[in-house]
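*Asks:* Each chain, written out:
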Amino acid sequence: MFRVLTGNHSAAFAAALSRVQVVPAYPITPQTQIIEKISEFVDTGQLDAKYIRVESEHSAMAACIGASAAGARAFTATSSHGLLYMGEMVFWASASRLPIVMPVTCRTIGPPWNIWDEHTDMLSLRDAGWIQIFAESNQEILDTVIQAYRIAEDEKVLLPVMVGLDAFTLSHTSEPVDIPSQETVDSFLPPRTGKPFVLDPSRPITFGNMAYPSHYMELKFTHNKAIEDACEVIAEVDREWRRLVGRGYGGLIDEFMCDDAEVIVIAIGSSAGDAKEAAKSLREKGVKAGVLRLRVVRPFPVQSIKRVISRVKAVAVVDRNLSPGSGGILASEVKSALYGLHKPPFVKGYVAGLGGRDIAVGDFVNLFERTLSSRDEGDDRSEWVNLNLEVLH
Amino acid sequence: MNLRLTDLDRREPLLRGHPACPGCPSALGLRLIGKALGSDIVLVVPAGCFTMIQGAFPKTSVDLPILNIAFAASAAAASGVSAAFEVKKSDVPVIVYAGDGGTVDIGIQSLSGAAERGDNILYVCYDNEAYQNTGIQRSGATPYGAWTTTSIKGKAEKKKDMPAIMVAHQVPYVATASIAYPLDFIEKVRSAVMMHGTKYIHLHAPCPTGWRFSSDKMVEIGRDAVLTGAWILYEVVGGHWRLTGPSKNLMDKRKRKPVQEYLKAQGRFAHINAKLLEAICSQIDQQWEEIEEKIK
Numbered sequence: 098m099f100r101v102l103t104g105n106h107s108a109a110f111a112a113a114l115s116r117v118q119v120v121p122a123y124p125i126t127p128q129t130q131i132i133e134k135i136s137e138f139v140d141t142g143q144l145d146a147k148y149i150r151v152e153s154e155h156s157a158m159a160a161c162i163g164a165s166a167a168g169a170r171a172f173t174a175t176s177s178h179g180l181l182y183m184g185e186m187v188f189w190a191s192a193s194r195l196p197i198v199m200p201v202t203c204r205t206i207g208p209p210w211n212i213w214d215e216h217t218d219m220l221s222l223r224d225a226g227w228i229q230i231f232a233e234s235n236q237e238i239l240d241t242v243i244q245a246y247r248i249a250e251d252e253k254v255l256l257p258v259m260v261g262l263d264a265f266t267l268s269h270t271s272e273p274v275d276i277p278s279q280e281t282v283d284s285f286l287p288p289r290t291g292k293p294f295v296l297d298p299s300r301p302i303t304f305g306n307m308a309y310p311s312h313y314m315e316l317k318f319t320h321n322k323a324i325e326d327a328c329e330v331i332a333e334v335d336r337e338w339r340r341l342v343g344r345g346y347g348g349l350i351d352e353f354m355c356d357d358a359e360v361i362v363i364a365i366g367s368s369a370g371d372a373k374e375a376a377k378s379l380r381e382k383g384v385k386a387g388v389l390r391l392r393v394v395r396p397f398p399v400q401s402i403k404r405v406i407s408r409v410k411a412v413a414v415v416d417r418n419l420s421p422g423s424g425g426i427l428a429s430e431v432k433s434a435l436y437g438l439h440k441p442p443f444v445k446g447y448v449a450g451l452g453g454r455d456i457a458v459g460d461f462v463n464l465f466e467r468t469l470s471s472r473d474e475g476d477d478r479s480e481w482v483n484l485n486l487e488v489l490h
Numbered sequence: 011m012n013l014r015l016t017d018l019d020r021r022e023p024l025l026r027g028h029p030a031c032p033g034c035p036s037a038l039g040l041r042l043i044g045k046a047l048g049s050d051i052v053l054v055v056p057a058g059c060f061t062m063i064q065g066a067f068p069k070t071s072v073d074l075p076i077l078n079i080a081f082a083a084s085a086a087a088a089s090g091v092s093a094a095f096e097v098k099k100s101d102v103p104v105i106v107y108a109g110d111g112g113t114v115d116i117g118i119q120s121l122s123g124a125a126e127r128g129d130n131i132l133y134v135c136y137d138n139e140a141y142q143n144t145g146i147q148r149s150g151a152t153p154y155g156a157w158t159t160t161s162i163k164g165k166a167e168k169k170k171d172m173p174a175i176m177v178a179h180q181v182p183y184v185a186t187a188s189i190a191y192p193l194d195f196i197e198k199v200r201s202a203v204m205m206h207g208t209k210y211i212h213l214h215a216p217c218p219t220g221w222r223f224s225s226d227k228m229v230e231i232g233r234d235a236v237l238t239g240a241w242i243l244y245e246v247v248g249g250h251w252r253l254t255g256p257s258k259n260l261m262d263k264r265k266r267k268p269v270q271e272y273l274k275a276q277g278r279f280a281h282i283n284a285k286l287l288e289a290i291c292s293q294i295d296q297q298w299e300e301i302e303e304k305i306k
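So the sequence lines, in the order shown, correspond to chains A and B.
Position in the first sequence counted from 1, then plus 97, gives you the numbering used here.
Position in the second sequence counted from 1, then plus 10, gives you the numbering used here.
It should be emphasised that the hints constitute simulated quantities derived from the structure, not laboratory data.
Careful: at least some of the hints might be erroneous.
To be verified - Each computed BS3-like pair below joins lysine-lysine, with the alpha-carbon atoms no more than 30 Å apart:
1) B:LYS98 with A:LYS292
2) A:LYS253 with B:LYS304
3) B:LYS98 with A:LYS253
4) B:LYS304 with B:LYS169
5) B:LYS69 with A:LYS317
6) B:LYS285 with B:LYS263
Claimed, not checked - Estimated spans, in silico, between C-beta atoms of each pair:
7) A:ILE302 with B:ARG14: 25 to 35 Å
8) A:HIS269 with B:GLN119: 29 to 39 Å
9) A:PRO209 with B:GLU271: 53 to 63 Å
10) A:GLN143 with B:GLN119: 28 to 38 Å
11) B:ALA174 with A:ARG344: 55 to 65 Å
12) B:GLN119 with A:TRP210: 18 to 28 Å
13) B:TYR154 with A:TRP481: 50 to 60 Å
14) B:ASP262 with A:ARG300: 50 to 60 Å
Predicted model, so just to flag it, every value in this text is computed and none were measured.
The beta carbon of each residue, even a glycine, is placed where N, CA and C say it ideally should be.
Bound-form chain A, shown alone (with noise of 0.2 Å):
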């Protein structure tokens, strides 16, 4: 069934779609309205839950975790401060290896306040050992949440999964999205099982007590296999989904007219869907430009990037966020998985389009010529795509 809906109401209807049974929520801009919709599914009847209206985000991610550790399928939302404020227990969740699934509405981080799209919150805890998945549209993200319990639940896994949504572009601005039947969801994602712990008094066990130096590597070694093994069964989960509904994702990545591309851009989120129109736009004058959108960022998709880009000749990454002193985190990460290659593209850092400045379809265009130009010059410095100059000054 058809239905027009924001990037928001997608997420929150998949939340209902996947028989969420524990939602503590906790508003912020620009994510509150999926909290919100699911707390009208529950009051209406609609979505047989446990909504816990929390006083803070850092509760709303331990009461997910205190949920999901007794055996209920837990989820939340957040975004922003709410996604730092939470933090500290966004590791615990990953290290307690929980299956919880939280969407976030990526937005910039204050001050200056700022509530527009920029990815520099979750890319922030690309490290908090969660699985993180980016969703270019509306019907994306409503696939990509109820896919992510598939894969969290998955015993090879069992690991949190964020799928990161942009602050208005996506998060509100409504599209039509085929919203699937319940009984095709459950024929896909059958309730959770008690497997392999949770807290139950007939069989105690301890979730997190102390390790020693001579236990926590190996707990770590097991969680970090755990989230390597998770690009399998993420790619798997993506093909069924497929094979159920008709739409894939290209699972780990997503290949916009990469096979024959000289130049490719690699991106994530809402504006790969612009990079892909101005590719298509180049091709008509013919310069052979493809797009390679990270759907997944963690685990970090090594292989299958260097399967694409290892036969281009130029890469141009395209950084909605920024490591400070660093630089775009997705170009240094690019970077490093090319190492070691024979004859490794060139390949050039873009920052842009932070605190939700637009970056249209006529800046790839330029993106793409300008590194195709760069490369020509031997010039693989960054570059800050259309700072004001004026505002400097």
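Dock chain B against chain A, hints included.
*Replies:* Chain B alone, transformed into the frame defined by chain A:
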């Protein structure tokens, strides 16, 4: 019929070989909770002494399911466990076992949130009156005048009245208790879990390591805290205040032991002088006057 120690379950929730300090009131408090409720419970434990008492992975010294959680988060995590049990139609009690730092300082926000929502949990604060696990730093629950490593001249501020803060949340059950009066504590734990909503018990827990006294004196000092009137035993059910245990007979100041009996046994009050003693005495008198108003 009055409860007797010999009536209690002989099974131990805390197994032998646990690494608590000798004379640890936190370890004893958990044993008493187990004896009050049996093994059909779930514990949520934030950072604190009881984190260590559980021992190290892959073993545990506690024969109960436990969710360890970060310092500020125990009440919220317990709310989540309780919500999951509600969804699963399980009536297993969810019990937070947290120290005073994790309760009156860093954990107060999540506890206040849970209490305001009425989440179905029992929160037990074992109050050893400082951050003992990190090595005796003052907390909001450290009493006036007490030495800690971060109040070397004696704490200049009064102890935060956490039970009164919980009463102000209008929760169904609030009580104080003392590790030295196990039956009073057990009866309160049992009363609390019978009720739905957020229940709070504040357990006075003299710490040999942090208060600087010999580990064989823990119960004695706990008793003296009550008998001198420095720590008052009461419960508040539905807003109705009632004294319990020995405190029932101590409204008359003349029946209380001199507070010096309590203070002199503790190294943390070794610096006490007449002025400090007078201030402490007047604070005790004041808290009894306040209680008198409330139980009327």
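*Asks:* When you take the CB atoms of ALA174 of chain B and ARG344 of chain A, is the distance between them in 55 to 65 Å?
*Replies:* holds, 58 Å
*Asks:* Please verify whether LYS253 of chain A and LYS304 of chain B have alpha carbons no more than 30 Å apart.
*Replies:* Violated. LYS253 of chain A to LYS304 of chain B sits at ~58 Å, over the 30 Å cutoff.
*Asks:* Has the given pair, LYS98 of chain B with LYS292 of chain A, been kept, meaning a C-alpha gap of at most 30 Å?
*Replies:* holds, 15 Å
*Asks:* Is 18 to 28 Å right for how far apart the beta carbons of GLN119 of chain B and TRP210 of chain A are?
*Replies:* holds, 23 Å
*Asks:* Do the Cβ positions of TYR154 of chain B and TRP481 of chain A conform to the proposed distance bound of 50 to 60 Å?
*Replies:* holds, 57 Å
*Asks:* Look at the Cβ atoms of ASP262 of chain B and ARG300 of chain A and judge whether their distance stays inside 50 to 60 Å.
*Replies:* The hinted range 50 to 60 Å holds for ASP262 of chain B and ARG300 of chain A, with Cβ atoms some 52 Å apart.
*Asks:* Are LYS69 of chain B and LYS317 of chain A close enough, with their CA atoms no more than 30 Å apart?
*Replies:* holds, 18 Å
*Asks:* Mind checking the alpha carbons of LYS304 of chain B and LYS169 of chain B for me, to see if they're no more than 30 Å apart?
*Replies:* holds, 19 Å
*Asks:* At the C-beta level, are HIS269 of chain A and GLN119 of chain B separated by a distance inside 29 to 39 Å?
*Replies:* Check passed, 30 Å falls within 29 to 39 Å.
*Asks:* Given the hint that LYS98 of chain B pairs with LYS253 of chain A, does the C-alpha gap stay at or below 30 Å?
*Replies:* Measuring from Cα to Cα gives roughly 25 Å; hence the hint holds.
*Asks:* LYS285 of chain B and LYS263 of chain B were given as a pair; does the straight-line alpha-carbon distance stay at or below 30 Å?
*Replies:* holds, 20 Å
*Asks:* Kindly confirm whether 53 to 63 Å is satisfied by the beta carbon distance between PRO209 of chain A and GLU271 of chain B.
*Replies:* holds, 60 Å
Figure legend: structure checked against the earlier numbered hints; the only hint not met is number 2.
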